[in-house]
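A.B. asks: Sequence:
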Amino acid sequence: MAKGERSVATDTLVKKIMDDIQQLPTRSGTMQLPPEPELMATYQVTRYTLRQALKKLSQMGYTFQAHGIGTFVRPRMNNHAISLQNPVGMTDEMARQGRHLTTKHATIQATAVAEAAFLPIGTQLDSRTPLWSVRRFRYADDKPFIFEQSYYLRNIVHQIPEAALYGSLFNFVEENDALKVGFQDTIIEAGSMSQEMAVFFDRPEQSPTLSVRDDSYLSSGQLFAFSKLGYDARDTKLFLFKKI
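Residues 5 to 248 in this note's numbering are what the sequence shown lists, from first letter to last.
Since the hints were made in silico from the structure, they are not lab data.
Note that CB positions come from ideal geometry on N, CA and C, so glycine has one too.
Treat the hints with care, since some could be wrong.
Said to hold, decoys possible - Lysine-lysine pairs mimicking DSS-like chemistry, simulated, CA-CA at most 25 Å apart: (1) K147 / K241; (2) K20 / K184; (3) K184 / K59; (4) K59 / K19; (5) K232 / K108; (6) K232 / K147; (7) K108 / K241; (8) K20 / K59; (9) K19 / K184; (10) K60 / K184; (11) K147 / K108; (12) K60 / K20; (13) K19 / K241; (14) K184 / K232; (15) K19 / K60; (16) K241 / K60.
As the list claims (entries may be wrong) - Computed beta-carbon distance windows for the label pairs: (17) E42 / L244: 27 to 33 Å; (18) P212 / S131: 28 to 34 Å; (19) A70 / A167: 40 to 46 Å; (20) K59 / A85: 31 to 37 Å; (21) Q199 / K59: 43 to 49 Å; (22) R55 / D181: 25 to 31 Å.
With the hints as extra help, turn the sequences into a complete structure.
C.D. replies: Structure follows, in structure tokens:
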């Protein structure tokens, strides 16, 4: 199996185990996962793939490993906290919390870097570089949740179907064979709502907002997208696991 195929198999297994973990009853303590041979048989994977998946789950804060004892599921995190380390899109992340994320309005138009409302965090782009400008107004259980502005380099992402605009852009990118996604840089910043954001969130203008900015790169190191997700700061919790 090639290295890229191994990575895909590992990520698929991570998602499956995360789904199963989310189905476990809420507990105040910890619960041990079955031993490796049983997990290998359950998920029909090799020991290598299983261990890589368990390593990722540990790095993300879903499990921890006790040397000589086994792997344990950590106590359930706050269901309304958004994990910044999940290898899934926001639609799937919210579904795991038992919440329904919908996009009620979306727009896409051709533009250029010179017209962008913001620029990538650490990459210089020629002002003439053609972009897709994507704006989405997203709701969690019919409540305003995300004010999203994204840009995609048109010479890399040639088209974005309407199904992806109103569904999962994350899955569209992940399932696009022409895009070999490598890594993402993220910055979290505080700010104030614009008039448009205030109308969307039904808050006074200049109310506090929390923005998550992402720059997405291919495995070659080529930037292909950059985005800003705006949240109402008073209703938003972000979760990040740090191992020490």
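A.B. asks: All hints, please: hold or fail.
C.D. replies: Status of the hints after comparison with the structure:
no.	hint	result
1	K147 / K241	16 Å, holds
2	K20 / K184	21 Å, holds
3	K184 / K59	22 Å, holds
4	K59 / K19	13 Å, holds
5	K232 / K108	18 Å, holds
6	K232 / K147	19 Å, holds
7	K108 / K241	23 Å, holds
8	K20 / K59	14 Å, holds
9	K19 / K184	19 Å, holds
10	K60 / K184	19 Å, holds
11	K147 / K108	11 Å, holds
12	K60 / K20	13 Å, holds
13	K19 / K241	22 Å, holds
14	K184 / K232	22 Å, holds
15	K19 / K60	10 Å, holds
16	K241 / K60	22 Å, holds
17	E42 / L244: 27 to 33 Å	31 Å, holds
18	P212 / S131: 28 to 34 Å	32 Å, holds
19	A70 / A167: 40 to 46 Å	44 Å, holds
20	K59 / A85: 31 to 37 Å	23 Å, violated
21	Q199 / K59: 43 to 49 Å	46 Å, holds
22	R55 / D181: 25 to 31 Å	27 Å, holds
Violated hint: 20 only; the structure is consistent with all others.
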